[in-house]
Amino acid sequence: MAAKSAASINPSDVNLPDPASEPAKTTDGDASTQGGVADDVLQKSVFVNSLPIREEQVQNAVKFLTHPKVRDSPVIHRRNFLERKGLTTEEIDEAFRRVPDPSPVVTSVQTTGSNQGGQLHTSTNILQQAPLNTLQPVSTAPSGVVSTMVRQFHWSHAFLAIGFLAASGAGTAIIFKNAILPRLKTWIRKVAFDQEDDLDKRIASRPSLAEEAAAAAKAAAAAAVDVAKASQEMVINRNEEKRDFKEFMNLLDAQLQEIKKMRNDIHKLEEQTHKTERQPQVEEEYLGGSLTRSKEIRDDRTEFDSRPVRSSSPAASAEPPHPKSYMEIMDMVQRGEKPPNIREINDLPPNPSQRISNPSLAPRSKPWELSQSPNTWSYASRDSRPQFLASGSGSGSGSTFQTSGVSYELNGDSPVPWLQQQQQKNVRITEIESEANGKAAIDLPLQRKWVPPQAPPVSLPEAAIAIRQPKSSAARDRLVDNNDNNASTPLNGIDDELERITKISESGGREVNGGGGSVISSTSEIQEEEQVVA
Amino acid sequence: MPVFKTPFNGYSVKFSPFYENRLAVATAQNFGILGNGRLHVLDLSPSPSPVTEFAAFDTADGVYDLAWSESHENLLVAAVADGSLKLYDLSLPPQSNPVRSLHEHSREVHSADWNPSRRDSFLSSSWDDTVKLWTTDRPASLRTFSEHSYCVYSASWNPRHPDVFASASGDCTVRVWDVREHGSTMLIPAHQHEILSCDWNKYDDCCIVTASVDKTVRVWDVRNFRVPVAVLNGHSYAVRKVRCSPHSRNLIMSCSYDMSVCLWNYMIEDALIERYDHHTEFAVGIDMSVLVEGLLASTGWDELVYVWQHGTDPRAP
Chain Z
303 MAAKSAASIN
313 PSDVNLPDPA
323 SEPAKTTDGD
333 ASTQGGVADD
343 VLQKSVFVNS
353 LPIREEQVQN
363 AVKFLTHPKV
373 RDSPVIHRRN
383 FLERKGLTTE
393 EIDEAFRRVP
403 DPSPVVTSVQ
413 TTGSNQGGQL
423 HTSTNILQQA
433 PLNTLQPVST
443 APSGVVSTMV
453 RQFHWSHAFL
463 AIGFLAASGA
473 GTAIIFKNAI
483 LPRLKTWIRK
493 VAFDQEDDLD
503 KRIASRPSLA
513 EEAAAAAKAA
523 AAAAVDVAKA
533 SQEMVINRNE
543 EKRDFKEFMN
553 LLDAQLQEIK
563 KMRNDIHKLE
573 EQTHKTERQP
583 QVEEEYLGGS
593 LTRSKEIRDD
603 RTEFDSRPVR
613 SSSPAASAEP
623 PHPKSYMEIM
633 DMVQRGEKPP
643 NIREINDLPP
653 NPSQRISNPS
663 LAPRSKPWEL
673 SQSPNTWSYA
683 SRDSRPQFLA
693 SGSGSGSGST
703 FQTSGVSYEL
713 NGDSPVPWLQ
723 QQQQKNVRIT
733 EIESEANGKA
743 AIDLPLQRKW
753 VPPQAPPVSL
763 PEAAIAIRQP
773 KSSAARDRLV
783 DNNDNNASTP
793 LNGIDDELER
803 ITKISESGGR
813 EVNGGGGSVI
823 SSTSEIQEEE
833 QVVA
Chain D
13 MPVFKTPFNG
23 YSVKFSPFYE
33 NRLAVATAQN
43 FGILGNGRLH
53 VLDLSPSPSP
63 VTEFAAFDTA
73 DGVYDLAWSE
83 SHENLLVAAV
93 ADGSLKLYDL
103 SLPPQSNPVR
113 SLHEHSREVH
123 SADWNPSRRD
133 SFLSSSWDDT
143 VKLWTTDRPA
153 SLRTFSEHSY
163 CVYSASWNPR
173 HPDVFASASG
183 DCTVRVWDVR
193 EHGSTMLIPA
203 HQHEILSCDW
213 NKYDDCCIVT
223 ASVDKTVRVW
233 DVRNFRVPVA
243 VLNGHSYAVR
253 KVRCSPHSRN
263 LIMSCSYDMS
273 VCLWNYMIED
283 ALIERYDHHT
293 EFAVGIDMSV
303 LVEGLLASTG
313 WDELVYVWQH
323 GTDPRAP
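Residue numbers (our numbering), protein chains in the order written: chain Z, 303 to 836; chain D, 13 to 329.
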């Protein structure tokens, strides 16, 4: 299994179809038809989202994207929201394609329309314009009737809602006009009438104008006095309330001061206990460090304002108990102070064009690179624990759990003879691979050193030949029908080559003399040719 | 068991791919909020003292991660909180170091990963939402991958496909990229919360493991990425880092803000096989040695680095 997957994946050298991804390809054949020719090339690699586009997810995304609030947010946040909901990149791109590109006029118009719901006329005009504008770009989009229907449906929804709001606003205005104002008017009239009636009566009883005027003046004065009294009372009440509020605030302030004092006391107590716990070195640094320079505080203020916000984000959802000194430092930084133990350090390279020294050790092959064949390699373990760990406890070796890889141990020497040991033992692994690993590390940048191992050895040669033969025999039959003699000899030659390849892979490359490496490297080419022929 | 006390809070620990007894630790002052950083290179020896410091390099800002070169035994790169990557050559004297400073990211560089197949290139992932590809011979990045909408916390090369890597981001997605392609080739909405770490299975090239703020570690098959292969519960706070074993197909190591380091076998029913509670603050960095099977290392905000063999007690003297 491991060998098969390792042998199959070598994308840039040979564009062979990946057996691991083939199940994905066959089950998700729709994706290839929808995605186009370009996506077929990508699907050769396993590391691609090769699922078909789900229409309902795309529609949900379209609904989300056309929401007016969403339109205000930056594109990348919208994308991230959809990604977190589990949509693939293709689905997200399709949704973005379906949502019409919002022009600045339309967006501003839409936002004003949604905000000013009360003004009936203007809003209806705007809304009538907006659907027209949106309908035009939507009709040009290649999406089906469904999306346009969805859009109109959505717009009628919004239309209805705003209409309802406007109607209710208008209704309240009308009610106000029709019911309350008349009441006010009648009330005022009533008061006026009463006064007039009184006056008439007085005129009837007392004909003199002066008396009437005096009486009216008295009434007015009395009313004014009443009003003045009432307003004075109100003022007094307000003043009292103000005073009460002020007292209340003072009390609160006093309580706050007390609480602050208590907190400081607690902090001091904690500091004292902390100081006894802390290591002496740290304490010295903390207490004896030089005082901060005010310049640096100002310079760094922007820096460390932003970082504390970010540094607490990894623990945002469930806050673990932070160490107390951590909280102290956070408080200090948020207040704008700098912790006293920071030094000015110049960590720039003294010579930016300094030549990096040459490596003297060869890179060591990784345990997973060696164990690509399913065989388990066990080495005679002389010393199951590394030498540098003190020889205290006994059985603490790594043999407690199953491994399919190699168990390493220190032999105290330099790693190079270690590597040579491996090379002697690993005959099955291709020589190319061990050579590549044994070479010096300095190569041209991005040069490929990892070479895939050859195909696993064939256990049943008859099966291998049988697998390969039907195609060649069919081809041979066909060609023999067409051309009697000419075609047969080259095909026979190819057959012979096929048998030879099978034998080579069986033997693991040992049988072939001399050019063992070259034959192995050419088997991949021959396999390519074989595919072209078959 | 070797224990090393660092002056600053630990952030990452990695074994050298060349020397069985060498490892490097990335640390940052004041929990990495604001302060200097230091990169330690430690050597393990049987006696007299189990851990000695081979070299230490100070940086102006905290070091969040490091990566050893796969082609050069003395070269390592540090991911610094000021957005730069610093290359150090251990064969040169300390005053000649760093040999390079690559500054292109506009925010903190959260992780660095060296390509184990090609051996000449490495990735840096940053809080500026991008991942950059670098080689040691060029002063500028080769590629910038920017599709994430939030901090990229981790990028990891596929050990069997030299041009494929995965990135884990705070936008709750994992993206699989191919260096030869223009954009990402695959998108996995792996969690409902931020994803802090990802790593490929060394023995199954389609298997990827993710760790998230939602306290779970999930195992995914990229061929069927809608449903995880396994969901590993056991941590009580966010899982900070996850590593697949270089020696065993089913073994996963994880560390969490619950201060524990756990070992899992995701193919069995009761996946949690080992739990270590040696740290007294957040456990933030872990590594499994490629050269020595079963050798584990961890570091945390309690300023301690532990190295121990699987199955033993890290705090045993």
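Source of the hints: derived by calculation from the structure; they are not laboratory data.
Since this is a predicted model, take the numbers as computed values, not measurements.
By construction, the Cβ of each residue, glycine as well, lies at the ideal position given by its N, Cα and C atoms.
A couple of the hints might just be wrong.
Computed Cβ-Cβ distance ranges for the label pairs, DEER-style [stated by the list, open to error]:
| hint | chain 1 | residue 1 | chain 2 | residue 2 | range |
| --- | --- | --- | --- | --- | --- |
| 1 | D | Val243 | Z | Leu558 | 26 to 32 Å |
| 2 | Z | Asp374 | D | Pro105 | 37 to 43 Å |
| 3 | D | Pro105 | Z | Pro625 | 57 to 63 Å |
Now the stretches of chain D that chain Z is said to cover, found in silico as 3 or more residues with beta-carbon under 8 Å [said to hold, decoys possible]:
| hint | stretch |
| --- | --- |
| 4 | 32–44 |
| 5 | 96–107 |
| 6 | 174–187 |
| 7 | 226–240 |
Taking the hints in turn, this is what the structure says about them:
no. : hint                               : verdict
1   : D:Val243 with Z:Leu558: 26 to 32 Å : violated (47 Å)
2   : Z:Asp374 with D:Pro105: 37 to 43 Å : violated (58 Å)
3   : D:Pro105 with Z:Pro625: 57 to 63 Å : violated (37 Å)
4   : 32–44                              : holds (count 6)
5   : 96–107                             : holds (count 6)
6   : 174–187                            : holds (count 7)
7   : 226–240                            : holds (count 6)
Figure legend: structure checked against the earlier numbered hints; hints not met, in rising order: 1, 2, 3.
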